[in-house]
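Protein chains in written order, with numbering that gives the first Met the number 0: chain A, 0 to 84; chain B, 0 to 84; chain C, 0 to 84; chain D, 0 to 435; chain E, 0 to 435; chain F, 0 to 435.
You may find that some hints are simply not true.
[Said to hold, decoys possible] List time: in silico PhoX-like cross-link candidates among lysine-lysine, alpha-carbon distance up to 20 Å:
#1 D:373 x D:162
#2 D:32 x F:266
#3 F:397 x F:33
#4 F:95 x F:69
#5 D:266 x E:33
#6 E:32 x D:266
#7 E:366 x E:257
#8 F:266 x D:33
#9 F:69 x F:103
#10 C:34 x E:162
#11 D:432 x E:69
#12 D:246 x D:257
#13 F:33 x E:266
#14 E:266 x F:32
#15 D:33 x D:397
#16 F:69 x F:99
#17 D:397 x D:366
#18 E:397 x E:257
#19 E:337 x E:103
#20 A:34 x F:266
#21 D:69 x F:432
#22 E:432 x F:69
#23 F:162 x A:34
Calculated directly from the structure, the hints in this document are not laboratory data.
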Amino acid sequence: MNELMSQAIDLMVAGMGFVFAFLIILVFATLLMSKLVLRFGPAEPEPATPARNSRAKPSAPSPVDPDTAEAIKKAIAQYRSRHKK
Amino acid sequence: MNELMSQAIDLMVAGMGFVFAFLIILVFATLLMSKLVLRFGPAEPEPATPARNSRAKPSAPSPVDPDTAEAIKKAIAQYRSRHKK
Amino acid sequence: MNELMSQAIDLMVAGMGFVFAFLIILVFATLLMSKLVLRFGPAEPEPATPARNSRAKPSAPSPVDPDTAEAIKKAIAQYRSRHKK
Amino acid sequence: MTLWTGSGLFNIEIGQVVMIVIGLLLLYLAIRKKFEPLLLVPIGFGGILANIPEAGLALSAAENALHFAKPEVLAALASTLDVGYQAGQAVTPEVKEAFKLAFKDAGYSTVSAANAIASDHGYGNGMLYNFYTIVIGSTVGPLLIFMGVGAMTDFGPLLANPKTLLLGAAAQFGIFGTVLGAALLDWLGILDFTILEAAAIGIIGGADGPTSIYVSSVLAPHLIGAIAVSAYAYMALVPMIQPPIMKALTTQKERAIKMSQLRPVTKKEKIVFPIVVLVAVALFLPDAAPLLGMFCFGNLMRECGVVERLSDTAQNALINIVTIFLGLSVGSKLMADKFLDGQTLGILGLGIVAFGVGTACGVLMAKLMNAFVKEPINPLIGSAGVSAVPMAARVSNKVGLEANPHNFLLMHAMGPNVAGVIGSAVAAGVMIKLLG
Amino acid sequence: MTLWTGSGLFNIEIGQVVMIVIGLLLLYLAIRKKFEPLLLVPIGFGGILANIPEAGLALSAAENALHFAKPEVLAALASTLDVGYQAGQAVTPEVKEAFKLAFKDAGYSTVSAANAIASDHGYGNGMLYNFYTIVIGSTVGPLLIFMGVGAMTDFGPLLANPKTLLLGAAAQFGIFGTVLGAALLDWLGILDFTILEAAAIGIIGGADGPTSIYVSSVLAPHLIGAIAVSAYAYMALVPMIQPPIMKALTTQKERAIKMSQLRPVTKKEKIVFPIVVLVAVALFLPDAAPLLGMFCFGNLMRECGVVERLSDTAQNALINIVTIFLGLSVGSKLMADKFLDGQTLGILGLGIVAFGVGTACGVLMAKLMNAFVKEPINPLIGSAGVSAVPMAARVSNKVGLEANPHNFLLMHAMGPNVAGVIGSAVAAGVMIKLLG
Amino acid sequence: MTLWTGSGLFNIEIGQVVMIVIGLLLLYLAIRKKFEPLLLVPIGFGGILANIPEAGLALSAAENALHFAKPEVLAALASTLDVGYQAGQAVTPEVKEAFKLAFKDAGYSTVSAANAIASDHGYGNGMLYNFYTIVIGSTVGPLLIFMGVGAMTDFGPLLANPKTLLLGAAAQFGIFGTVLGAALLDWLGILDFTILEAAAIGIIGGADGPTSIYVSSVLAPHLIGAIAVSAYAYMALVPMIQPPIMKALTTQKERAIKMSQLRPVTKKEKIVFPIVVLVAVALFLPDAAPLLGMFCFGNLMRECGVVERLSDTAQNALINIVTIFLGLSVGSKLMADKFLDGQTLGILGLGIVAFGVGTACGVLMAKLMNAFVKEPINPLIGSAGVSAVPMAARVSNKVGLEANPHNFLLMHAMGPNVAGVIGSAVAAGVMIKLLG
Ligand code: NA
Ligand code: NA
Ligand code: NA
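Please construct the entire structure, taking both the sequences and the accompanying hints into account.
What follows is the structure in structure tokens.
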């Protein structure tokens, strides 16, 4: 087994060891944080919003959220139809 | 009285003197400018718009001014209510 | 006739010659391209959109195209009028 | 094992812990207390990043090289930094100190030479150091913010009543009074300041973020962190700082003075005004040209009505992008060795004095003017002269309403409010002219 | 007192006064007369800023150092600039001249060395100088504008009738004809031009802002101010310049020619076209690759339909930001010593010739083509070949309507109009290839 | 004639033809097949630009000078690059090779010196070279993208079920397994890799674009083109790569496991979480500070609710601008001599292995966790741990629906999905710490 091979194995051991260590710490830190926040803080629950966390979403630079935009479009369409007749 | 002290006093005298001199000149320049503009220019009065000159306003990158936006929102709300029934 | 003059004439000959050569090639390349595309591609004709290709158009950073914006404005105006009475 | 010896926990110093806590405090104030969040969120976060041990995000390539202090690298740097060190010589703390000191006092050419050598040895500038160099070191950041602010500013109320410019002038006593205060602290031997430092601290009295950052980056870059933080913090505290002073200096009767409706201002006047200011600057104070020039440019783009798209960008995309980098860059100066000393406390103390003096002088100036003008000015709008746009104007309005529920001063206060911005930019120009 | 001796009024030179007036004139034309305001507002304002006495906003660190000419600084610069000056020697106007001349003729390395020395002595680059170096010196600014223009351009009409590309070719005679004109002025001894200057002036005939700025920044940076100003000014004047020429060269009957409705163009063709252009450039004219490459990239982003958000940004936030800095940078070249001489008048005179020749050749080419093609072309669309998008196309349409109220040429004119953009970019590439 | 001898057709090399075809292929995949178009359109286009013969858009000033190899320029460069060449000596291909090799191995100072000399002789950096230096060379580009991604990321699902972080950890086996794979190829003598190259290739397993670009720019810049392309390509192929593996490793019964509705998460938790992550990074892995710091900063701006305008800009204008330049910069590394060799094939091969291993380990980890936790986890969400946000989570959801039409896993899969981003950033930090 050549040197690169052993380096790679060392890197894997150290790397995965550290990744797990770090994320396990983070699990406990997060659980603790949530407990503290929920203990001392008015609970104003608010559902996780999946729609927004796509990183590739082609959102144009406008702050209007999708369904408002949707509504605007409908409103306009309707306005136009009313406008024609 | 040490040297820094005297420097500070000199700075204050020069500074405030200049600030007043400059802004007094600006007062007269502005009065003159307004007189000239109003003399030779069709007077199309237009009220100062306070709403826009907050520098900290979290205006999203949209050219729509607040009350138009307001109106849009109302329009949508109204559209929706009409839409439901 | 001085040297600059002859340089200018050379530049003109070479330049216009090349410009024409290049754009003539481009004419044929484009015709060929169109033929190929229209041959091997489902033809989904779509009219050229003049409205958008003004380079100086002061389009605010919003994806709404002019006449939609137009419509929005009208819609709002109308809403307001309805709102007043 | 490298991972452990290279970890933060293993290397962290007490100073860094304190600074990280301060960063968290700034985030708390910004997010929970709404203290100028647009700046204090990036500043606070940048402060934390700058104090992550071993990461060296706020250090130049050379500083990172000196931190790790490999003998061969030190040997390579020795001649450039003019430090007596031979290859192979032991790297004692004293040696590292000597190198760091030499680098701190080095001039432009030496610094770039040292950074080049460090780069040759594989060290790079920290991310925040690059941000600082590009955004603040070049002074372009504050100027672009100022351009955006100009594009958001409506001079209408000022044009309707130009004499309120004088209120904006009077409030600048806050700046120079604070310089005097700093000198006093120095005289009493409580703290040491140079005139440059005193002037940079004074600018806090301008109650204007970009101006403070611009001036301190020119006169005393090492204080920029403390100065920017106290400037923004006190701007957020204006609603608490000003009212007592305003009430103490005015009678109920004065506070109840009603001011006549402002005349409408024509578009033309608004277009010509920034050009008038620019010409005045060109003729009388070239050193204020960068600040006021960009401010007027932004305002002209706003008012001229033919470059809407540029004005929109200056007010939104561009100013936001610059704000993010400016905030992180200021945060990069929140480092233990520079921030945790008496001067910072002095700066925080003097900062509140600055706001107080500015407020008081604005109010008194208004009362003084009432001795001369026919139709009286409500002295409460004088306090708006410190700028802190638009907070200070809102305060004038609020206090006015308490005195007389039918007395709306907001529009009248906007005049001195924006005048204060011009005033402190002029004061900044004078300081840079005389000291820079 | 420093403030007075350092004031603008005390130091202003007549040249600067004139240039400031010219800046104000540009602002007037841009705001009141709507002359290409997106560019001329920043250019005019930048021109004023560049001429504020003592501020040195458009000067490099070294130029600022030479302006204030402190003996010790001159001594430090002497060896680098290779000027015979010993420390202590009196600083006569001649000495200052010698230094300035030496700096003007210095190469890249010498310039950076001199600036480094000036920085060591506390002088910095002016704000506008930095903008110019980054935005135009690197040529990135015009290229990004060109990318944005590509993202705003619809090649549909051109694809529907590709032979109109030839009209875009013919109009480029405006460019080379102007080069000839400049050479003629030189021959007649009226003005002196080098071939580089003549070529840079000729590009005004391209009637395309970014192309003009790009070419002059490569071939004759010292003329960039005059060239950009006259290019944009004449683009705004197209509705006045073109119609008489168009009418003079066409009969009423020709002007009334109706052209058949353009065929619809498929999305696919629009997507493939920019790639075809790019490949043609790669094969035949690499020197046009930066300009046409970015143009095609912008157009591909627009048409491909899968990167809407990038296309939006290229058309708005990004192009606006670059436009602001590009305009100010061009303005920084409106300095008295460079702008106030015969060449500028020559450039303004030749510029209008360029537009005229281009217009004429476009029209004549259309008439020539009518001798060969079966269905006739209305010669009025030939004038659109000078580009000046979309103004020139609108002019063709307007003149056409005068001749025949039912004759809408706008769509037909858009073809040669955008072809003109490609044509002048190709001409630019040829010039850079042969002279650059 | 210059135009012909300078044309692309006359000078093009076979390698460039192949690379241009590859660029066109990338555009086809991006536009027609929707393969991560936001990155692959700019990368593909940049690749074509970089391979335009004679244009030298991706070369530095010195490389351009060496390409044209004028004797006097070579003579000027000889001493700096330490190549034995006298003025006047014939310029043989060997000589050019010698110069190019010397430049390739040169350190920072030598490179800048050589570029300065080339600039003195009128050569300039290519446009793409400048983009690369500023955007990737400084590492700022990937970091800003990461900030924007943070501003688009919702940690809600992760906070509702933090133990899914472990799935994000397990999936990182993909990274280190690939390093092992590369080492194996080297051991078997099939290809040669250094440990740095192997590590950079491994990061493809992180299935995260900016992280891959950041790590390879630090560890193996010459491979950045191949690594970025294969990372983005495989991210687009996730819907094809993952399902078979997921099905092979799970029983129908496991895939049908229903998971209980996630608890609602409070705004406060979302605000505090990025700060918790930042502190953990500061304490345990400073080398991940740039990546995770910017990521957390973006997320804090998103969640804190007081800097909406900054968050909007980070998610739109800023990230779009950076994406355009980042893509073109990556494309500039798609040059024949660097891309067309065995290593690239190896990288493409290893890349798919990386995704496979990561997917498998994520699924297996989920099954392992089921042995310990009371309420069972559906192992299908384990595969989302590779990140590739949000594609991988959608895949988990889709496969889950096939097994049980009433089983919506999307929200549950978003937890490990974003955990995977943190996981690979941590892995990146470890690699840079141990090898960088
Ligand atoms: Na102020
Ligand atoms: Na043209
Ligand atoms: Na990952």
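Hint check:
1. Distance restraint check for residue 373 of chain D and residue 162 of chain D: the Cα-Cα separation of roughly 12 Å lies within the 20 Å cut-off, and the hinted pair is therefore satisfied.
2. Distance check on the hinted pair: residue 32 of chain D and residue 266 of chain F sit about 16 Å apart at the alpha-carbon level, within 20 Å; holds.
3. At most 20 Å may separate the alpha-carbon atoms for a hinted pair to count; residue 397 of chain F and residue 33 of chain F meet this at roughly 19 Å.
4. Our distance criterion of 20 Å between C-alpha atoms is met by residue 95 of chain F and residue 69 of chain F, whose separation comes to about 10 Å.
5. With a C-alpha separation of about 16 Å, the suggested pair residue 266 of chain D and residue 33 of chain E falls inside the 20 Å cut-off, and the hint holds.
6. Taking the CA atoms of residue 32 of chain E and residue 266 of chain D, the gap is about 16 Å. The hint holds against a cut of 20 Å.
7. For the given pair, residue 366 of chain E sits about 14 Å from residue 257 of chain E by alpha-carbon distance, which is consistent with the 20 Å threshold.
8. Of the pairs offered as hints, the one joining residue 266 of chain F and residue 33 of chain D holds, with about 16 Å between alpha carbons and a cut-off of 20 Å not exceeded.
9. Between residue 69 of chain F and residue 103 of chain F, the direct Cα distance comes to roughly 19 Å. Compliance with the 20 Å bound is thereby established for this hinted pair.
10. For the proposed pair residue 34 of chain C and residue 162 of chain E, the alpha carbon gap of about 15 Å is at most 20 Å, so the pair holds.
11. For the proposed pair residue 432 of chain D and residue 69 of chain E, the alpha carbon gap of about 17 Å is at most 20 Å, so the pair holds.
12. With a C-alpha separation of about 17 Å, the suggested pairing of residue 246 of chain D with residue 257 of chain D holds against the 20 Å cut-off.
13. With a C-alpha separation of about 16 Å, the suggested pair residue 33 of chain F and residue 266 of chain E falls inside the 20 Å cut-off, and the hint holds.
14. Straight-line distance between C-alpha atoms of residue 266 of chain E and residue 32 of chain F comes to about 16 Å, which keeps the hinted pair within the 20 Å bound.
15. At roughly 19 Å between alpha-carbon atoms, residue 33 of chain D and residue 397 of chain D fall within 20 Å of each other, so this suggested pair holds.
16. For a cut-off of 20 Å, the pair hint linking residue 69 of chain F to residue 99 of chain F stands: about 14 Å separates their Cα positions.
17. For the hint linking residue 397 of chain D to residue 366 of chain D, the alpha-carbon distance of about 19 Å falls within 20 Å, and the restraint holds.
18. For the given pair, residue 397 of chain E sits about 14 Å from residue 257 of chain E by alpha-carbon distance, which is consistent with the 20 Å threshold.
19. A threshold of 20 Å between alpha carbons decides the hint, and for residue 337 of chain E with residue 103 of chain E the separation of about 12 Å falls inside it, so the pair holds.
20. This hinted pair checks out: residue 34 of chain A and residue 266 of chain F have alpha carbons roughly 14 Å apart, not beyond 20 Å.
21. For the proposed pair residue 69 of chain D and residue 432 of chain F, the alpha carbon gap of about 17 Å is at most 20 Å, so the pair holds.
22. Distance hint between residue 432 of chain E and residue 69 of chain F is fulfilled; the C-alpha atoms sit about 16 Å from each other, no more than 20 Å.
23. Restraint check for residue 162 of chain F and residue 34 of chain A: the C-alpha separation of about 15 Å stays at or below 20 Å, so the hint holds.
The structure meets every hint from the earlier list without exception.
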